[in-house]
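Chains D and X are the protein sequences, given in the same order. The numbering of the first sequence is full-length UniProt numbering, which starts it at 1 and goes up by one. The numbering of the second sequence is full-length UniProt numbering, which starts it at 1 and goes up by one.
Some hints could be false.
Because identical chains share one entry, a pair is satisfied inside a single copy or across any pair of copies.
Said to hold, decoys possible - Below, a list of computed lysine to aspartate or glutamate pairs in the DMTMM-like style, where the Cα atoms sit at most 20 Å apart:
(1) K294 <-> E419
(2) K339 <-> D243
(3) K2 <-> E328
(4) K346 <-> E185
(5) K346 <-> E182
(6) K339 <-> E185
(7) K26 <-> D350
(8) K189 <-> D175
(9) K169 <-> E182
(10) K389 <-> E239
(11) K384 <-> E328
(12) K202 <-> D261
(13) K57 <-> D133
(14) K70 <-> D113
(15) K376 <-> D432
Simulated from the structure, these hints should not be mistaken for lab results.
Read off the chains here:
2 protein chains.
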Amino acid sequence: MKNATIAGAGLVGSLWAVYLAKRGYKVDIYESRTDLRKANLSAGKSINLALSDRGWKALEKVGLGDEIRKVAIPMYGRMIHALDGSLTHQPYSVNGDAIWSVSRGGLNCVLMDLAEAQGNVDIHFNHKCTGVDLETGSATFSERNSGEKVMTEPGLLFGTDGAFSAVRKAMQRTDRFNYQQEYIEHGYKELSIHPNEDGTHKIEKNALHIWPRGEFMLIALPNLDGSFTCTLFHPYGGEVGFDALDTDEKVVDFFKSTFPDAYELMPHLLDDWHENPTSSLVIIRCFPWTKNGKVALLGDASHAIVPFYGQGMNAGFEDCTIFEKFLEETNEDWPTAMKLYEEERKPNGDAIAELAMRNFVEMRDLTGDPKFLLQKQIERKFAKLHPGKWMPLYAMVTFTDIPYAKANNRGKFQDAIMEEIMAMPNIEDNWDSDEVMSAMLEKLG
Amino acid sequence: MKNATIAGAGLVGSLWAVYLAKRGYKVDIYESRTDLRKANLSAGKSINLALSDRGWKALEKVGLGDEIRKVAIPMYGRMIHALDGSLTHQPYSVNGDAIWSVSRGGLNCVLMDLAEAQGNVDIHFNHKCTGVDLETGSATFSERNSGEKVMTEPGLLFGTDGAFSAVRKAMQRTDRFNYQQEYIEHGYKELSIHPNEDGTHKIEKNALHIWPRGEFMLIALPNLDGSFTCTLFHPYGGEVGFDALDTDEKVVDFFKSTFPDAYELMPHLLDDWHENPTSSLVIIRCFPWTKNGKVALLGDASHAIVPFYGQGMNAGFEDCTIFEKFLEETNEDWPTAMKLYEEERKPNGDAIAELAMRNFVEMRDLTGDPKFLLQKQIERKFAKLHPGKWMPLYAMVTFTDIPYAKANNRGKFQDAIMEEIMAMPNIEDNWDSDEVMSAMLEKLG
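Please construct the entire structure, taking both the sequences and the accompanying hints into account.
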């Protein structure tokens with residue numbers, strides 16, 4: 001029988017195991033944490049995520065679409081909370097498309113269940129990777145409690161072990177391996193809005209809530225139990241940065257003056273503040289992603305990004321879809337498929353890393369800017385008038401599987417056009433005029 | 001007595017030990033290699049280097065200027081070897097300034113001797129760093145043969161252990177440590193031109209020889225024994241890249257057609273080719289460079305660069321000069337001095353990394369370009385006419401201690417002016433006219 005080893009039973013590792021199992025592989029996954037399904041533990045990261053088109057495609061392929069949709073909440077747009085408490089709803093799409101709030105832990109459990117249900121997948125928990133042989137595609141794992149070591153059979157080895165991947169660390173020690181870990185100036189802290197007593201949501205359920213405040217922002221995603229998971233994205237340094245918010249009074253003052261409506265919804269703010277860590281945000285870039293036709297990285301291990309486009313998981317799932325496509329096309333010629341996979345995915349990983357950083361600026365800043373809102377309005381009108389001629393960047397990234405790099409390039413082209421359109425005289429009044437619409441059509445060429 | 005530990009007895013580590021010893025520290029240097037002075041070994045890198053102003057300043061401060069000058073060969077300019085064998089000499093400066101070819105191993109030996117001569121410096125060879133405690137500033141070293149471990153006293157710990165620094169690796173594992181290793185497309189291989197039978201040099205002794213060929217280049221630096229150390233900087237990939245030169249015949253054909261005059265001087269080319277490895281070239285960027293006021297990185301450990309500006313060692317030595325300056329200014333307040341050191345040096349490390357990559361393009365390409373030569377000529381004339389108004393970028397980097405970042409910015413400003421000057425009509429004929437000189441003066445503002 002054909003064997004494969006996967007390091008990491010997170011979202012991407014569990015999904016990849018299903019794909020490999022369906023190809024007839026005996027798969028052993030080694031996971032350093034305990035079994036999520038037995039302990040009431042988070043996977044160590046933010047507790048909910050936004051599923052979008054690329055993620056759904058990968059889940060549909062393994063037949064999980066319907067099951068996940070039952071536990072996911074569609075968010076049809078952004079709900080912007082201004083400082084004065086006024087709300088603005090910005091739909092994500094003209095077609096009623098949504099991104100879906102799901103629980104990271106819940107989704108991970110479903111994927112592990114599905115992997116095990118294949119019959120040829122074993123997940124070994126509490127096994128930490130302590131050594132990797134890139135030549136043979138074998139790895140050594142040590143059981144956390146007993147210290148017992150397992151050395152896997154030579155063959156195929158996949159690193160789906162996240163931003164601090166042990167498999168990648170072995171690759172980092174090889175000559176000519178390019179690697180970058182870049183921490184951004186902002187960190188994050190998770191907070192929460194509890195449900196109403198009857199279990200309903202305190203604010204609009206079917207939206208992603210944003211409190212954009214320039215240098216920082218608060219967001220909230222809905223959970224099934226009526227609560228919201230909120231995340232404060234905030235610089236470490238500066239006058240009101242995380243480091244400066246070092247007393248309860250300062251935290252309360254900061255929230256009262258900066259997010260007054262959210263503060264009213266968070267009577268337990270200080271409990272959350274103390275209980276939840278302040279976590280850093282890192283971008284990982286590296287190349288190559290594969291070695292010797294035997295070892296490959298997928299997901300955050302090869303391209304960890306900041307969370308501001310909601311694409312981290314979606315990009316990792318798409319790695320699986322694309323890798324699987326190349327296995328099909330090459331008739332499972334692993335060395336060739338691995339080369340094709342890394343060549344196809346690397347520029348797309350770089351593109352979504354760039355897009356995610358840019359979307360941070362948009363979310364925390366531009367969503368509160370009338371000029372930005374007008375531009376979106378013009379784009380929406382034009383897209384409706386000329387279907388197929390114009391797709392906003394956000395839609396390309398979120399509601400299609402156009403390669404990220406291609407979407408990014410097209411987005412830049414469209415941005416250049418919109419810059420000219422926004423400079424037209426009296427654009428505020430004429431924005432929906434025929435003149436503006438024909439100008440756009442002409443510039444598109 | 002005050003203690004300090006240094007990991008790495010290379011050029012920067014040995015020099016830094018002298019500075020610390022002079023401040024009254026008992027210094028222990030741990031070096032993973034054997035004693036260079038006892039074995040006939042190279043330090044594992046290119047066997048000669050170009051000393052320039054920043055390097056000399058640091059050496060003069062410890063009284064080594066005269067001793068090193070005796071074993072260094074001044075190179076007053078570039079000697080460009082065209083494909084047809086014709087030679088062009090490009091002086092480095094209008095004032096007769098030179099860069100100096102020295103033996104890396106020889107210089108390292110002198111610096112180790114000087115360190116030991118202080119009386120309070122011990123160098124422990126064959127000790128590999130196996131652990132670092134960033135909190136206490138202590139490190140563990142393992143003796144290569146016996147395996148015996150030494151744990152140093154808590155206190156000050158300096159990583160001068162090069163591009164693959166073990167001290168930095170410990171810092172890499174801390175939260176929010178930014179790190180990048182970037183391999184360029186080119187590698188290098190060392191070759192040689194032997195002396196004449198009477199011990200004289202076969203080509204001009206007092207020049208740095210360059211065979212610029214667009215995508216790649218050969219250079220040669222003079223040695224005291226009449227030989228030259230040559231380095232081929234060459235892409236790995238491509239039609240004639242290292243990977244493609246896989247038979248003796250292909251190597252010989254390549255040299256005969258690409259470097260015909262050099263080929264004639266290298267009857268033992270193939271011996272060198274097989275004996276010497278093809279080595280990669282890496283750029284290392286990271287931040288912070290210090291931790292907890294106790295641990296600091298100097299030299300390649302914090303900012304390894306490509307060798308094309310001849311500034312790697314010079315920049316490392318300047319780290320010592322600047323760090324020492326801050327120790328003096330802060331009255332040896334280490335935490336403050338470390339902060340000042342990293343804040344001052346980081347942008348300069350980034351600048352010289354960028355400049356070194358740009359100089360590669362200049363060396364391998366532009367030095368054979370008549371337009372480039374004309375521009376240099378105009379700059380030289382203007383600099384002579386208006387002393388103090390214009391200093392070519394190369395001179396700022398090589399013959400002054402203007403901070404690299406400042407030199408880089410000034411260089412870009414001057415480049416913008418030269419671009420306009422070179423676009424003046426008939427510049428080839430009028431280059432030394434009053435009109436051109438006044439135009440430059442005016443643009444300088």
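Checked hints:
{"no.": "1", "hint": "K294 <-> E419", "verdict": "neither (47 Å within a copy, 51 Å between copies)"}
{"no.": "2", "hint": "K339 <-> D243", "verdict": "between (44 Å within a copy, 18 Å between copies)"}
{"no.": "3", "hint": "K2 <-> E328", "verdict": "within (16 Å within a copy, 66 Å between copies)"}
{"no.": "4", "hint": "K346 <-> E185", "verdict": "between (25 Å within a copy, 17 Å between copies)"}
{"no.": "5", "hint": "K346 <-> E182", "verdict": "both (17 Å within a copy, 15 Å between copies)"}
{"no.": "6", "hint": "K339 <-> E185", "verdict": "between (34 Å within a copy, 18 Å between copies)"}
{"no.": "7", "hint": "K26 <-> D350", "verdict": "neither (32 Å within a copy, 48 Å between copies)"}
{"no.": "8", "hint": "K189 <-> D175", "verdict": "between (38 Å within a copy, 15 Å between copies)"}
{"no.": "9", "hint": "K169 <-> E182", "verdict": "both (16 Å within a copy, 15 Å between copies)"}
{"no.": "10", "hint": "K389 <-> E239", "verdict": "neither (46 Å within a copy, 42 Å between copies)"}
{"no.": "11", "hint": "K384 <-> E328", "verdict": "neither (37 Å within a copy, 69 Å between copies)"}
{"no.": "12", "hint": "K202 <-> D261", "verdict": "within (11 Å within a copy, 82 Å between copies)"}
{"no.": "13", "hint": "K57 <-> D133", "verdict": "neither (33 Å within a copy, 47 Å between copies)"}
{"no.": "14", "hint": "K70 <-> D113", "verdict": "within (16 Å within a copy, 74 Å between copies)"}
{"no.": "15", "hint": "K376 <-> D432", "verdict": "within (12 Å within a copy, 56 Å between copies)"}
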